[in-house]
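Residues per chain, in single letters:
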Amino acid sequence: MTAPSAPPPPPDASQRLQIDVGPPPEPPPPDALVVVDRVSKWFGDLVAVSDVSFAVRPGVTALLGPNGAGKSTMLRMLCGLAAPSNGSIRVLGRDPRTDPLVASEIGLAPQQESVFGSMTALQFVSASAQLQGVADPQGEARRMLGLVELDADDDRRLPTYSKGMRQRVKLAQAIVHNPRVILLDEPLSGLDPRQRVHMVELFHHLASQGRAVIVSSHVLEEVQRFGSNVVVITNGRLAAQGDFREIRALMDDRPRQVKVRTDRPRSLAAELVKQLHVTSVQLSGSDIRVDTTDIAAFSRAVAPVSQRCGARLFEVRPLDEDLESVFRYLVSA
Amino acid sequence: MTAAATASVPASKSIPAFYQILLRSQFTRGRVIGAAALGLIAIVAAVLSRGAADPIDAAIFAVGLYGISLMVPLITLMLASPLLGNLVEDRLLVYLWLKPTARWHLAAAALLATASVLIPVTVVPLVIAALVSGQAGLAGPVALAAIVGVLAYGGFFLWLGLRYRSGLWLGLAYIVVWENVVANFGDGPARFAIRSYLLTIVEWGTERSVPLADRADAAAILVPVLFAMAGIALTTWALRSRDID
Chain X
-15 MTAPSAPPPP PDASQRLQID VGPPPEPPPP DALVVVDRVS KWFGDLVAVS
35 DVSFAVRPGV TALLGPNGAG KSTMLRMLCG LAAPSNGSIR VLGRDPRTDP
85 LVASEIGLAP QQESVFGSMT ALQFVSASAQ LQGVADPQGE ARRMLGLVEL
135 DADDDRRLPT YSKGMRQRVK LAQAIVHNPR VILLDEPLSG LDPRQRVHMV
185 ELFHHLASQG RAVIVSSHVL EEVQRFGSNV VVITNGRLAA QGDFREIRAL
235 MDDRPRQVKV RTDRPRSLAA ELVKQLHVTS VQLSGSDIRV DTTDIAAFSR
285 AVAPVSQRCG ARLFEVRPLD EDLESVFRYL VSA
Chain F
5 MTAAATASVP ASKSIPAFYQ ILLRSQFTRG RVIGAAALGL IAIVAAVLSR
55 GAADPIDAAI FAVGLYGISL MVPLITLMLA SPLLGNLVED RLLVYLWLKP
105 TARWHLAAAA LLATASVLIP VTVVPLVIAA LVSGQAGLAG PVALAAIVGV
155 LAYGGFFLWL GLRYRSGLWL GLAYIVVWEN VVANFGDGPA RFAIRSYLLT
205 IVEWGTERSV PLADRADAAA ILVPVLFAMA GIALTTWALR SRDID
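One line per chain: the protein sequences are X and F, in this order.
Take the first sequence: its letters are residues -15 to 317, numbered as in this note's numbering.
Take the second sequence: its letters are residues 5 to 249, numbered as in this note's numbering.
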């Protein structure tokens, strides 16, 4: 029998805080350029971002979320334009809100279309370069405008530019100082299809040089072209982060949809529905749409089952592994 | 791409760049012409003062009480308060804020841009008014008072326009209520009215007594300059503390 121990001393303030906020988050990856740690932002009673943590490594990362989810607020906080109400943000280990020096490592192309009305593209981009301390502001501005396929010698004022041209000017000013973290808010809106392809190539090129390119977009088709790494925010909270295919694989509670095309859809559908892991089948012409709770078991079973009923398989394809499906599931969850 | 600066951009590079952007983008011809029209009133009043029963008092009224007490603060308010405030409204401040520079660089450049437009717009009509009124001795002091006034009011109104959406109206209320009403109630409130320092400078150009011109000579210059510096400090603080859209 052990002697009764003395009551433990009351926890000090820091211990109480740790208890209140739960277990500490996982440490960020060592190569993370941006670290968001338990960040919240509220405006009066409105909570725009709530307890969000994630890290961004070099590469293209898509920041996704429905309208009003908190994406733009998060982007503004990432570059220091808005202060988090709680939590901390580090860009290259520094606080972008209080340390203006880190601005030399951040490039931002904001969503708003407004531009300085009296400036040409070259004046705007070279002024930005000058304020970033670039050695040859005008030369570098010319080069960046060329990179986004704009004529540096165009002497028209910015308000006369089309929306797509302004987008490209904003991108040029965002990268003119060679930043390591590039934040782009809806960068493809207003661009024609050829320009979109060019811009996506440019984003990948910038990312391949070790930069973090964070792209906010609501057009999922475009985002899928950026790459597979996503940060999904819904209702101000982090819904998921990582490769969207891996995120989908982790969604065990969601049945997977598979399309099967065959020459004997009715017989095959009748056999498939008998499988324990198949929850429903739908016939549509020669296609069968199967909902299964175990994609691996289904993959193993579909060939023998079709062989048993004499059906030839033309196609077996998962239907909901694309980004849009993952996004839909996350948002509706 | 060339390597970016890893240190803060020095004031010698950033202030001229901010200055050029602000000058180019914010002072539209319409605004400047509108402000200059107020200067014409001073000239007309000075011409009329020549026919007054006491032309010296009338001239002091035209260049001092109208020109320095109303025209200079009103024109400064019209052009200084929207300078940074409009950048916020138009969501353009982000392009100037997200730069590796000390925040005071932008505040100082804004005051310089304000002063470089406003000094000619206020000094020229007031000097002409002093000359046509027949009181040439007022010309130098009134020019100095206008320059000092533009700096003092400019710093304050830059901050007001950046900090408050209704900065223009708050500034107007300040000019009318504090500077032109409350300041007349005694020496205490007058010490906190910029115009009492400016009118002290105006008094240097005449033998007559100018209302509210009760400040020491050194204070007449020093205090408005301190107002201007306080304006830059407040603007810097607002740039540091406010969220930028």
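Wrong hints could be hidden among the right ones.
In silico negatives: residues of chain F with every beta carbon more than 10 Å from chain X [claimed, not checked]:
no., residue
1, A11
2, V36
3, L42
4, L74
5, V98
6, K103
7, P104
8, A106
9, N184
10, G190
11, I248
Here are a few chain X residues that face chain F, going by a calculated C-beta distance under 7 Å [unchecked claim]:
no., residue
12, A16
13, A87
14, Q95
15, Q96
16, L115
With a straight-line cut-off of 25 Å between C-alpha atoms, the simulated DMTMM-like cross-links for lysine to aspartate or glutamate are [what the hints assert, rightly or not]:
no., chain 1, residue 1, chain 2, residue 2
17, X, K147, F, E93
18, F, K17, X, D278
19, X, K258, X, E230
20, X, K147, F, E211
21, X, K258, X, D278
22, X, K258, X, D271
23, X, K147, F, D58
24, F, K17, X, D169
For the record, the hints were derived by calculation from the structure and aren't laboratory data.
Don't be surprised by glycine CBs; every beta carbon is placed ideally from N, CA and C.
For each hint, the structure was consulted:
{"no.": "1", "hint": "A11", "in the structure": "violated, 7 Å"}
{"no.": "2", "hint": "V36", "in the structure": "holds, 13 Å"}
{"no.": "3", "hint": "L42", "in the structure": "holds, 24 Å"}
{"no.": "4", "hint": "L74", "in the structure": "holds, 30 Å"}
{"no.": "5", "hint": "V98", "in the structure": "violated, 6 Å"}
{"no.": "6", "hint": "K103", "in the structure": "violated, 4 Å"}
{"no.": "7", "hint": "P104", "in the structure": "violated, 4 Å"}
{"no.": "8", "hint": "A106", "in the structure": "violated, 7 Å"}
{"no.": "9", "hint": "N184", "in the structure": "holds, 35 Å"}
{"no.": "10", "hint": "G190", "in the structure": "holds, 41 Å"}
{"no.": "11", "hint": "I248", "in the structure": "violated, 4 Å"}
{"no.": "12", "hint": "A16", "in the structure": "violated, 20 Å"}
{"no.": "13", "hint": "A87", "in the structure": "holds, 5 Å"}
{"no.": "14", "hint": "Q95", "in the structure": "violated, 9 Å"}
{"no.": "15", "hint": "Q96", "in the structure": "holds, 4 Å"}
{"no.": "16", "hint": "L115", "in the structure": "holds, 4 Å"}
{"no.": "17", "hint": "X:K147 with F:E93", "in the structure": "holds, 20 Å"}
{"no.": "18", "hint": "F:K17 with X:D278", "in the structure": "violated, 63 Å"}
{"no.": "19", "hint": "X:K258 with X:E230", "in the structure": "violated, 29 Å"}
{"no.": "20", "hint": "X:K147 with F:E211", "in the structure": "violated, 63 Å"}
{"no.": "21", "hint": "X:K258 with X:D278", "in the structure": "holds, 14 Å"}
{"no.": "22", "hint": "X:K258 with X:D271", "in the structure": "holds, 18 Å"}
{"no.": "23", "hint": "X:K147 with F:D58", "in the structure": "violated, 63 Å"}
{"no.": "24", "hint": "F:K17 with X:D169", "in the structure": "violated, 29 Å"}
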